[in-house]
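*Asks:* Heads up: the protein sequence lines correspond to chains P, W and E, in order. Numbers given in this note's numbering equal positions in the first sequence, counted from 1, plus 13. Numbers given in this note's numbering equal positions in the second sequence, counted from 1, plus 1182. Numbers given in this note's numbering equal positions in the third sequence, counted from 1, plus 2.
If you're looking for bench data, these hints aren't it; they were derived computationally from the structure. Keep in mind that the hints are not guaranteed to be accurate.
What the hints assert, rightly or not - Listed below are the simulated DSS-like cross-link pairs for lysine-lysine, each with C-alpha atoms no more than 30 Å apart in a straight line:
hint, chain 1, residue 1, chain 2, residue 2
1, W, 1348, E, 62
2, P, 88, E, 256
3, E, 116, W, 1348
4, E, 116, W, 1290
5, E, 32, W, 1267
6, P, 223, W, 1267
7, P, 32, W, 1207
8, P, 292, P, 269
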Amino acid sequence: MQNNSVVINDLSLSFGNVKVLEHLDLEINRGEFLVLLGPSGCGKSTLLNCVAGLLDVTDGQIFIEGKNVTWEQPKDRGIGMVFQSYALYPQMTVERNLSFGLRVSGMKKDDIERRVKRASEILQIEPLLKRKPAALSGGQRQRVAIGRALVRDVDVFLFDEPLSNLDAKLRSDLRVEIKRLHQRLKNTMIYVTHDQIEAMTLADRIAIMKDGIIQQLDTPHHIYNKPVNLFVAGFIGSPTMNFLNGTIENGGKAIKVDQDMISVHGYEFGGAVPANGTKVVLGIRPEHIALEDQAKAMPTSAEIEIDLVEPMGSDTLGWTRFGSHSLIFRCASEVELMPGKKMLIGFDTARGSIFDEATGSRL
Amino acid sequence: MTDTVAASSTLPDRAGTTASPRGPKPKPWFTTPRVIMYSILTVACLFYLFPLYVMITTSLKPMPEIRFGSIFALPIEPSFDAWVKAWTGACTGLRCEGLSPGFWNSVKITIPSVIASILIASVNGYALVNWKFRGSEIFFTVLIFGSFIPYQVLLYPLVMLTSQMKIFGSLWAIILIHTIFGMPILTLLFRNYFASLPEELFKAARVDGAGFWRIYFEVMLPMSLPIFVVALILQITGIWNDFLFGVVFAGFQNNPMTVQLNNIVNSAQGSPEYNVNMAATILTGLVPLIVYFVSGPLFVRGVAAGAVKG
Amino acid sequence: MANVVVARRAPAKGVLGWLQKYVFRNISAKIAALPMILTVLVVFVGGMLWTVFFSFTSSKMLPNTNFVGLDQYVRLFKTSRWNVSVENLLVYGSFSLVFTMVIGFVLAVLIDQKIRFESVFRTIMLYPFALSFIVTGLVWQWIMYPELGLQKAIRNLGWESFTFDWITNSEMVIYALLIAGLWQGTGFVMVLMLAGLRGVDQEIWKAARVDGIPTWRSYIFIVLPMMRGVIVTAVVIVGSGIVRLYDLVVALTKGGPGISSQVPATYVYDYMFMANNIGQGLAASTMMLVTVLIIIIPWAYLEFGGKRRAQ
Ligand SMILES: Nc1ncnc2c1ncn2[C@@H]1O[C@H](COP(=O)(O)OP(=O)(O)OP(=O)(O)O)[C@@H](O)[C@H]1O
Ligand SMILES: [Mg+2]
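Chain P extracted, bound-state conformation (with noise of 0.2 Å):
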């Protein structure tokens, strides 16, 4: 039994002259949840519509579950889909909406009533059952439409940005529905969103996409912590990393940002050690920043004078700079930060990324 669900071979696809994927290679994994995330724009709808048999794609192939269904209708792909404005046939029960699909298709009376039971059982929309889609709310309708696709029975979801237009609140209850319900029937999904908190929640893997391309695939540990380049690594993250330029001195042991030389014991390079004077990008996370005391343990640090606060509730941002940098860290509520106090910081390389300021890619 081969362990690919989906793969994506070498897929381009372009509207007339714009070209929107291109070579671009994809594996997913059976029972994986892939998110496809990255600004708006980048081509995500794009790959999940090809995916979806929606867009007939330039060039490339796209298999799911083994069978290659680059040529094939959408309802011979084994997959179901949700779209982001849920896409209810309105004038249709609930029940209809349900069932429609599998009617149309032939299917016997009462295989689509334990279909439809199913999925409704699954998803706690029985009550709903007999109502019209305008008398439902936001996360009810939500819900609906992925029951359309939970009773065909499918390998593999599709999700277009489903919970984008869904209040806040909603958002997060409905965010860990989705993920119980991916822990029950263990299907493959994809997952399409621009909300790095639902990426990073739900993802088995993240694949971070920039104009049509993918630029990591990973877990989201790997994603938050190694960022293969500094799109990458300021994309990912709230708020963003905060970025140092320099260059590397001392063969590859500290990096010279304005005058201070920063110690970089401790950090792995991906490849060769880069030699002195190679222009780089230091990026530190707010919350790798330690202050005072904890400050003094950390093989760099700093005095500095903090310009802005802004309190969280949960957790303080503190602005401030560093040499000609503009610098957020991230602290506990409790510590009392003032304007124009003087503190001291502290942070660990270590723990850091390393970018190569002219090639954007990790060092």
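With chain P's structure known, arrange chains W and E with the ligands on it following the hints.
*Replies:* This is chains W and E with the ligands only, laid out in the frame that chain P set:
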């Protein structure tokens, strides 16, 4: 179209064998449904174009060619004689002045009516959106419903009204009538348009101390050029094409082109000259056709605007 | 909606207060809206009431107030010309409504199929709508003229028995009107329907494709019901246009042969302005009004009654 090779192998061939489907699904450039579709559309278009073709070819043929030929045939010796005659010499009853007086009458009717109705309706629409007063919505609703009343119901009361005003049978009467009957659709058009503009704009102007007319002329008008063009198209074609009001209200010496055309064709004495009739018909249709072909999508927008309900 | 309140001074009492409250507030807006208010009150409401009122009188050349009850209506329905007119309107109206809607929808669906030259097709289908009914009527009169028109052209091609004499045939003349009317108006409905189709959420189509629903079924069972608003609007507009039908008859058939293609609007005009029988004309026009109300009231109820219920 299952690919058996790929289905049996554990991993798809990364190089992509030629046997396995790859790239866009090949589609024959014609499929039966497509052929049927284009056939229906083509036949439909032939139906829509046929009268235009007949009008033009007939108007270019001399009478013998019409009498002995077929309406499908292209003119053998095309000439514009019929056009000239239609314009300057065709007879209605005893007068043989052609269509040109009708054309100028239509111009004299259309221009002031279009200007008056658009001005009034745009101010109405603006007042309805931004300066609501007690009852304004009710008046608007009645206005819209009023536009569904058959004209025949209002015809005689308006005859009475214009007689009382001593303008019956004059240009003033017909201009007034067109202004009145243009009001519902245009007010709706402008109301919907102004309602779609950001309200903050209006509020900001109010805070700056501008009043009703200043806001209208200095804030709203400059932003509303497209909708004025739509209204213009709607009104020019509508008023130019009117027949009933022209016949009743304009008076004999002010008959618009449509009325004159109908008189030329339908109450002509002697043997009918079909080429002249068709030339006259095209000439009458020319103004709205030019407006239509020049304005393109805006005409469609005007048409659709008539359908969007408040 | 902005509902700007003009700066409030201390409310004065009595007449002055009343004037301030109801008259001078938003005075510019009221002045600006005066033409609309006058139109509504004098022309639409006043005119309608005037017509209904005088339809109960024996007005001949000039309106008078000699009440005769329902006499005009009794006479109306005893006049064979009126009955023919009503019958014609029913036949023309039902065929015209059904065909306009169906053809308009089918054309819109065809044009919606990502066809090439879409705008060319659309332009061709809509141009007749820019033309007046007089022009429409006269062209078709010429095309349908048996001796020199289409009939002769086809006979010349060798089909000797071909007959297309509808405008001279009192049984068929109403269908001649129908053809001309469809030629003029289907493009308009097509454009409306196309706008309706394009307004449907694209994801609905995707969902239907994933569900494996054939395109034609999606159109009929999913999209058509979603276009209810557009369809109702089109029906109301086309319907009230049918009741008004006048110019086309005047140009194409002059109501003939005989009285076989008369319609209510020609009846009204002829009695009012030709036969100097205003009372009859007014009674007939009141009947037209009733017909339109029968179309409009259920629609208004659905549109506006429905909204109120939803609130
Ligand atoms: N039908 C089309 N014709 C031409 N270009 C298109 C078409 N559909 C999408 N595009 C372009 O393709 C690119 C990718 O679009 P896509 O919808 O995949 O973005 P996305 O990543 O899903 O963005 P979002 O997060 O906003 O949904 C965009 O630049 C878009 O403008
Ligand atoms: Mg998208």
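*Asks:* Hints broken by the structure, by number, lowest first?
*Replies:* Checked against the structure, the hints that fail are numbers 2, 3, 4, 5 and 6, while the rest are satisfied.
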